[in-house]
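Chemist: Sequence:
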Amino acid sequence: MISVDGLCVEFNGDSLFKDVSFVVNETDKIALMGKNGAGKSTMMKIIAGEQKANRGKVNVPKEAVIAYLPQHLLTEDDCTVFEEAAKAFKEVFNLKSEMDELNKQLETRTDYESDSYMSLIEKVSDLGEKYYAIEEVNYDAEVEKALMGLGFKRSDFTKQTTEFSGGLRMRIELAKILLQKPDLILLDEPTNHIDIESVIWLEHFLVNKAKAVIVISHDRAFIDNITNRTIEVTMGRIYDYKASYSHYLQLREDRRSHQIKAYQEQQKFIADNQTFIDRFKGTYSKTNQVNSREKMLEKLEIIEIDEVDTSALKLKFPPSPRSGDYPVSVDNLSKSYGEKEVFKNASFSISRGEKVSFVGRNGEGKSTMIKAILNEIDFEGNCGLGHNVKVGYFAQNQAALLDPSLTIFQTIDEVAEGEVRTQVKNILGAFMFGGEDSDKKVNVLSGGEKTRLAMVKLLLEPVNLLILDEPTNHLDLKSKDVLKEALMSYDGTLILVSHDRDFLRGLSQKVFEFKEGRVIEHFETIDAFLERNRIDSLKEIDL
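Under this note's numbering, the first residue of the sequence shown carries the number 9, and numbering increases by one thereafter.
FYI, nobody ran anything at the bench for these hints, they're computed from the structure.
Wrong hints could be hidden among the right ones.
Claimed, not checked - So the derived label-pair ranges between C-beta atoms look like this:
{"no.": "1", "residue 1": "Asn216", "residue 2": "Phe277", "range": "33 to 43 angstroms"}
{"no.": "2", "residue 1": "Asp386", "residue 2": "Glu444", "range": "45 to 55 angstroms"}
{"no.": "3", "residue 1": "Ser105", "residue 2": "Asp386", "range": "17 to 27 angstroms"}
{"no.": "4", "residue 1": "Lys289", "residue 2": "Asn236", "range": "47 to 57 angstroms"}
{"no.": "5", "residue 1": "Asp123", "residue 2": "Asn236", "range": "50 to 60 angstroms"}
{"no.": "6", "residue 1": "Asp489", "residue 2": "Phe531", "range": "22 to 32 angstroms"}
{"no.": "7", "residue 1": "Asn236", "residue 2": "Phe284", "range": "47 to 57 angstroms"}
{"no.": "8", "residue 1": "Arg245", "residue 2": "Asp489", "range": "48 to 58 angstroms"}
{"no.": "9", "residue 1": "Lys348", "residue 2": "Asp134", "range": "47 to 57 angstroms"}
{"no.": "10", "residue 1": "Pro69", "residue 2": "Gln113", "range": "27 to 37 angstroms"}
{"no.": "11", "residue 1": "Ser105", "residue 2": "Asn20", "range": "42 to 52 angstroms"}
{"no.": "12", "residue 1": "Asp27", "residue 2": "Lys324", "range": "36 to 46 angstroms"}
{"no.": "13", "residue 1": "Glu121", "residue 2": "Met9", "range": "42 to 52 angstroms"}
{"no.": "14", "residue 1": "Met9", "residue 2": "Gly426", "range": "28 to 38 angstroms"}
As the structure is a computational prediction, the values presented were derived from the model and not from experiment.
Just so you know, even glycine gets a beta-carbon here, dropped at the ideal spot from N, CA and C.
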C-alpha cells in the first residue's frame, strides 16, 4: 500500500494543488483526470520520485517497485531492442554477476581463517539468499513476449534502438516497465504512440496481470476498459471516485448539481443576513445580533462550484468544393524499401464523401500508402488523386510548418473563412488556447501545443479530401469531441489513421487493413472489424 499525504505544490506563490492525500491499494487501477494545467503530470512525477513537492510526502514500502513511463522520453543508447528491453532485469543480472565474481575470489584465496575471508563468505551467502529467492524465470522468453505484444517483430530484436522512431522507443520503455512486474505502474499518455492491437494487448496486461496502476490518458475507451477508480484533480484539490471514467462523469455531474443547489441556498442565507444587518445597523437594541451576524458572515466558508467548460462550440468545416466521383484510386500498387516489401499489388478506390480508416500495426505501410497517394514517394503501379481534389493533410511533422513569427490568433485568422472568422477565439479556446494564450507567438509553444495549433489550422481550410494521421495524440477529451463532431458533419472525403477506438467509432464507414504486405478492404465499421477479427485474441500472447 502506497500513501500520498498532504502534498502541496506551489509555483510563484500560487498553489497548483494543496493538502492532497489518498492511498493506492494493491489492485487499484486509477485514472488521474483533470483539465490541462490542473497538475496531473506533476502529481505523477512526485509519486514516481522524479519531482519534489513543496510540502507533504509519498510513503512507499521499502521493497515496493514503482515504474514510471513519462509522456516524453529523452533517451540515447547504443544497444539492440532486445538488449534494451532486457535491462528490466538488470538488477537480477547484476546480482548474478556480483555473486559469480565473489565465488571466483573464494576459489583463489587460501586465507581461510582471516576476517576478510569470513566477511567474503557472509557476503556470498547474503547475495545467494537474495538471488535464489527470486522466482526462476526464462528471461529471454519474457522479453520476447513483451516486445511482440507491443508490436515488435522478431526481426526487430537485433536492430539498434537508434533505428526506431520516438514512438517505437517509447514502446521499448513500456516493455521494460511491464517486465519489472512493479507494485505500481505510472503511465502518462501511454497510448499516444501504439497501434490499436498493441493498445488492446496493453489493456489486457494492465487488467489481468498488473498490480496497481495510475494512468493519465485522453483515450476514453482505454481508460474505461482498465480503470476501477477515478481521481479528479480540480481547483487545487482532488475528488476520489470508486468508479470507472464514464461512471465518474455521471457522479461528477451529480456532485456539481448538489454544489450549485448548496451554493444557491448559501447565497440566499448570506443575502437574508446582510439584509438584516443593513436594516438594523445602528439600532441599539439589535447591536449584539448585528455584530453576531457580521462575525458569522466573515467566518463563513463560501461554497465553490467545480470548474466546468460551459462553451457550446460547434466547429463546422467550410463546405467542400465538389470533387470527382473517386478522389483516391489505387491500382496494383507496390512499394519496397530495399528488401523490405511494404505492400504488393494493392488496389482500391475511395468514393466521394466516404469516411474510411487505415488500421494495422505500426510499420505495415499506412503512412507509406498516404505518401504514395500524395505522390511524395516513388512506387510501382498506379496511384493518384481524382478530379478537382483539394487535400488537407495532417502528418506528424505538421507542427514544423507553422510560421514561428505569427501569434496563435494570427495563425488561425489567416486561414479562417466565412462565419468561422467570427468564432476564431472560441475555436482557440476549445483547443486550449483561450484568453491571453491566443496572443502567444508560435515560437514559444511546446511541441504538443504546436501540434494542436496545426490541427486547428488544417481543419479550417476549405478542402474536399482530409487525410489525418494520428490526429488525437495531443488533444484532450473535449478537444477530441469537438474535432469528432466536426468530422461527423464534414461533407468531404476522409481518410483516418488512428489507434483511438472511441474516436473512430461512428466516423469510419469502411476499414482498410494493412497486414503482411497486403491492403484488405472491409466494408464495415471499426467496431465490427475489431469484433470480427477477434483482435482480442492478442490476449493469448500472455505475460
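Chemist: Hint by hint, which ones does the structure fall short of?
Modeler: 1, 3, 8 and 14
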